[in-house]
Amino acid sequence: MPLIDLTIKQAATALAAGETTSRALCEAFLARAEAVEPRVKAFLSLDREDVLRQADEADRRRASGAARGPYDGIPLAVKDNINVTGQPCSCGSKILAPYRATYDATVTRKLREAGFIFFGRTNQDEFAMGSSTENSAYGPSANPWNLECVPGGSSGGSAAAVAAREAPAALGSDTGGSIRQPAGFCGIVGLKPTYGLVSRFGLVAYASSLDQIGPMTRTVADAAILLDQICGLDPMDSTTLPGAHGGYAAALEAPADVRGLRIGLPTEYFAAQGLAPDVRRAVEAAAKTYEKLGATLVEISLPNLRYAVATYYIIATAEASANLARFDGIRYGARSPEAKDLLETYRLSRAKGFGDEVKRRIILGTYVLSSGYYDAYYLRAQKVRTLIRNDFLRAFEACDVLLSPTAPETAFKRGAKSADPLAMYLADIYTISANLAGICGISLPCGTGDDGLPVGLQLMGPALGEKKILQTAQAFENVAGPAKLPELD
Amino acid sequence: MQYEAVIGLEVHCQVKTQSKMFCGCANRFGAEPNTLTCPVCLGYPGSLPVANAEAVRKIVAAGLMCGCTISKFSKFDRKNYFYPDMPKNYQITQFDLPFCLGGQIPVGGKGFSGQPLPEKKIGITRIHMEEDVAKLTHLGKASAVDYNRAGVPLMEIVSEPDMRTPDEAYAYLTALKQVLEYAGISECDMEKGQMRCDVNVSVRPLGRAEFGTKIEIKNLNSFRSVHRSLCHEIPRQIEAVEAGEKLRQETRRWDDALGVTIVMRVKEHAHDYRYFPEPDLMPVTHTDEQIEKIRATLPEVPFVRRDRFVTEYGITPYDAHVLTLEKPLADYYEAAARGSANPKQVANWIITELLRVLGERGLTIRECPVTPAHMAELAGLVGGGTITGSVAKSTVFPAMLESGRAPSEIVKEKGLEQVNDDSAIEGFVTQAIAANPKAVEEYRAGKAASIQFLVGQVMKLSRGKANPQAALPLLKKQLDAG
Numbered sequence: 034m035p036l037i038d039l040t041i042k043q044a045a046t047a048l049a050a051g052e053t054t055s056r057a058l059c060e061a062f063l064a065r066a067e068a069v070e071p072r073v074k075a076f077l078s079l080d081r082e083d084v085l086r087q088a089d090e091a092d093r094r095r096a097s098g099a100a101r102g103p104y105d106g107i108p109l110a111v112k113d114n115i116n117v118t119g120q121p122c123s124c125g126s127k128i129l130a131p132y133r134a135t136y137d138a139t140v141t142r143k144l145r146e147a148g149f150i151f152f153g154r155t156n157q158d159e160f161a162m163g164s165s166t167e168n169s170a171y172g173p174s175a176n177p178w179n180l181e182c183v184p185g186g187s188s189g190g191s192a193a194a195v196a197a198r199e200a201p202a203a204l205g206s207d208t209g210g211s212i213r214q215p216a217g218f219c220g221i222v223g224l225k226p227t228y229g230l231v232s233r234f235g236l237v238a239y240a241s242s243l244d245q246i247g248p249m250t251r252t253v254a255d256a257a258i259l260l261d262q263i264c265g266l267d268p269m270d271s272t273t274l275p276g277a278h279g280g281y282a283a284a285l286e287a288p289a290d291v292r293g294l295r296i297g298l299p300t301e302y303f304a305a306q307g308l309a310p311d312v313r314r315a316v317e318a319a320a321k322t323y324e325k326l327g328a329t330l331v332e333i334s335l336p337n338l339r340y341a342v343a344t345y346y347i348i349a350t351a352e353a354s355a356n357l358a359r360f361d362g363i364r365y366g367a368r369s370p371e372a373k374d375l376l377e378t379y380r381l382s383r384a385k386g387f388g389d390e391v392k393r394r395i396i397l398g399t400y401v402l403s404s405g406y407y408d409a410y411y412l413r414a415q416k417v418r419t420l421i422r423n424d425f426l427r428a429f430e431a432c433d434v435l436l437s438p439t440a441p442e443t444a445f446k447r448g449a450k451s452a453d454p455l456a457m458y459l460a461d462i463y464t465i466s467a468n469l470a471g472i473c474g475i476s477l478p479c480g481t482g483d484d485g486l487p488v489g490l491q492l493m494g495p496a497l498g499e500k501k502i503l504q505t506a507q508a509f510e511n512v513a514g515p516a517k518l519p520e521l522d
Numbered sequence: 049m050q051y052e053a054v055i056g057l058e059v060h061c062q063v064k065t066q067s068k069m070f071c072g073c074a075n076r077f078g079a080e081p082n083t084l085t086c087p088v089c090l091g092y093p094g095s096l097p098v099a100n101a102e103a104v105r106k107i108v109a110a111g112l113m114c115g116c117t118i119s120k121f122s123k124f125d126r127k128n129y130f131y132p133d134m135p136k137n138y139q140i141t142q143f144d145l146p147f148c149l150g151g152q153i154p155v156g157g158k159g160f161s162g163q164p165l166p167e168k169k170i171g172i173t174r175i176h177m178e179e180d181v182a183k184l185t186h187l188g189k190a191s192a193v194d195y196n197r198a199g200v201p202l203m204e205i206v207s208e209p210d211m212r213t214p215d216e217a218y219a220y221l222t223a224l225k226q227v228l229e230y231a232g233i234s235e236c237d238m239e240k241g242q243m244r245c246d247v248n249v250s251v252r253p254l255g256r257a258e259f260g261t262k263i264e265i266k267n268l269n270s271f272r273s274v275h276r277s278l279c280h281e282i283p284r285q286i287e288a289v290e291a292g293e294k295l296r297q298e299t300r301r302w303d304d305a306l307g308v309t310i311v312m313r314v315k316e317h318a319h320d321y322r323y324f325p326e327p328d329l330m331p332v333t334h335t336d337e338q339i340e341k342i343r344a345t346l347p348e349v350p351f352v353r354r355d356r357f358v359t360e361y362g363i364t365p366y367d368a369h370v371l372t373l374e375k376p377l378a379d380y381y382e383a384a385a386r387g388s389a390n391p392k393q394v395a396n397w398i399i400t401e402l403l404r405v406l407g408e409r410g411l412t413i414r415e416c417p418v419t420p421a422h423m424a425e426l427a428g429l430v431g432g433g434t435i436t437g438s439v440a441k442s443t444v445f446p447a448m449l450e451s452g453r454a455p456s457e458i459v460k461e462k463g464l465e466q467v468n469d470d471s472a473i474e475g476f477v478t479q480a481i482a483a484n485p486k487a488v489e490e491y492r493a494g495k496a497a498s499i500q501f502l503v504g505q506v507m508k509l510s511r512g513k514a515n516p517q518a519a520l521p522l523l524k525k526q527l528d529a530g
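Residue numbers (my numbering), protein chains in the order written: chain L, 34 to 522; chain V, 49 to 530.
In case anyone wonders, no lab produced these hints; they're calculated from the structure.
A virtual CB, placed ideally from N, CA and C, is assigned to each residue, including glycine.
All the given hints hold, so there is nothing to weed out.
Label pairs and their in silico Cβ distance ranges:
| no. | chain 1 | residue 1 | chain 2 | residue 2 | range |
| --- | --- | --- | --- | --- | --- |
| 1 | V | Thr335 | L | Leu412 | 25 to 31 Å |
| 2 | V | Arg76 | L | Gly448 | 51 to 57 Å |
| 3 | L | Arg380 | V | Met330 | 32 to 38 Å |
| 4 | V | Arg76 | L | Pro275 | 29 to 35 Å |
| 5 | V | Thr333 | L | Gly327 | 43 to 49 Å |
| 6 | L | Ala287 | V | Pro81 | 58 to 64 Å |
With the hints as extra help, turn the sequences into a complete structure.
In structure tokens:
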């Protein structure tokens, strides 16, 4: 099997058996990236020398019997909003163009300690604001299945890199669907953990109460492996959840069995306007598959779901308006050379540093927090958020996991929606509520649409229900086979 | 028309902790600029705050010391504004659910101006926690930022508008500082910027319930400048009102050199800080049990201790006030007075002799060479008649200061016991009469006071050891006989 076809699990086995080396693996992925990057543009930066240096170190460790674990030497692409010491961390923005990370994010530290190789920085919508990577200041990435289409977003670079086999796996971040939607568009697996399961320390914040880092992989098993590495209580992040977490990969070792599992189908999701018939067909077929495997399908109502998009765009933008205030050209990042005084430094640095979508969201967030509007927007959105969370709590009394499409349609053509931000926002309908409720969700491929592009199947579980959704996803993958990836030759 | 001033104070105090409020950097004054920093207190992308438990414990302690109610549920909020002293361009603070609500601090005694100050309680509206900002230094055309101070835990203590005079404001600040120092919450050094104070003041005709137009005074660098600024500002406002002028709500800067307040900015509309709950920090809860646990670690509140000193040790309110100004001194006095038969004399010795000497030598009470037990023993030796007060002052106490030895040892070694034996004293009396014919003559001519001079001579001849109470009748006897 070509090295670039290996999953994390397979690569670990091959490394342990001495069938390959980290250097060989990295060289294979580097060669693949060299071949396809001009078309895919998944990476914002990929430092060949740095990758090979890390690979050689890993090989030396393994040769001397001091491997850091089974995954020592496996390359992993990282979204450009997660700090890795010394590497760029532009968040897809001009304002952080000159910035190099001065410290490791907690997930970075954990993965480093496990021996993973940091394999490039993947493209994203600027500050994770977007669903297509078209909002990247450095140009969009392409969907490896159809280069004219978007890979989704905001973690579109990570999804494209994995789907194009430029890396075996990647890290993404998900604030309203930014892992699951691109995973769905690119036909790979993407998991958004329960809020607080994975530390946000070192993830450049978009919306603090919604952001989570998660794995983007070819298989369900690989998602579990990565989640095991990055999860856990972190003294550097007060919002991480106490308790012993992990054991996700182990939970997949037993044969996946969904007999007796109650799978909820939210009626509001399937009745939603804009759900493409081909997507509906594929997702309903997946539900049938589960039924055949012995699961029970249950209709579930989530009445407050219709407010989810509005609620999200109030809370997320409010938090973003404060989170992005630090980018002022004073301490780091790009500073306008034309600025003559303090106010101009702020105004020009930010005017030139931020793109339109970021500005739109900062303005919206500033507005909803303003005196006189706070109660009507921010406060009310927080109340609705509680109602949405309660809807899910009730739903998970009647079922074990919720099944839905990941997105209302397959990947769209570049430019198709850029003129209509509202249409872009509304397409987040299936993914946004998991972030608002703080629960977990996974997207996995379930066939293709009429256009031959992948359809994403979303499974959502209650808070800390990762094992359940991973096992449920695994059962489907066992039937459907692992993700098929485009050749791109 | 008679006017009164209405004064409220907003005091910021740095909390004494090992590390900063939301990161592990040292909380220390005086380090090289920008050496006590990290991605968190510099607001680097991706960094997150983690609340300092010690700082939270200390603000609760401050609240308990001031008689506040401690919130069972409080949270942090973001206050948004752009300024280079603010690394994130928002400050983590507390908006509507602060840690402490509704306390009070009593003032009284003598005011800073020397006038008596009626006993009064000044209300505290709230005490909340926030992070300090960086220190800006303006250098000609450029400005320098030192982020060492950014993120230092800071509490804001907001008073009720309960003060009416500059003396009350001064007394409130003194009492507040005393309370915070007592409990080890803050060092309250205004020169180091550990304590900062903004004044809100308005005037109104005496008897009117509504407040006048509030004016804020900033740039106050000492308690004295708070007092001075009010002494300037209150008459200025009254004069303006008398002249029919309509005051504007404004912020004025105190110019310490000129002794005047100068307009800084006019508050046309309140700044919109767009407060919202800090999503990076969990709300903080305090159970009754946790609050009581903190209370159990607290020292006695200074003004409570002051009153107790008066009743328990029979000392004057003024002496009790002096002795409780600082906790180490109060502890010293209490250690000496407890179990002493002469707690009043102990207080006198400490206030008139010990504090004077420590002051002259620039020593703190902690560095005092005389132990509290020795101080009590000295007062006991005088009170019990073993030595005279004059020997104690001239010989024993200086020797104690030098050697740190027990006064009884010194007395024994130097043979300083008071002479009570009439036959021994009579010898000194005879000598004194013989050596001072002029005084003798004056006494006999009817100038009764001259006998005190002769008592003094007896003391001198006995090197202070003669019991003056015994010397007087013996003198009289010999003079009247002769």
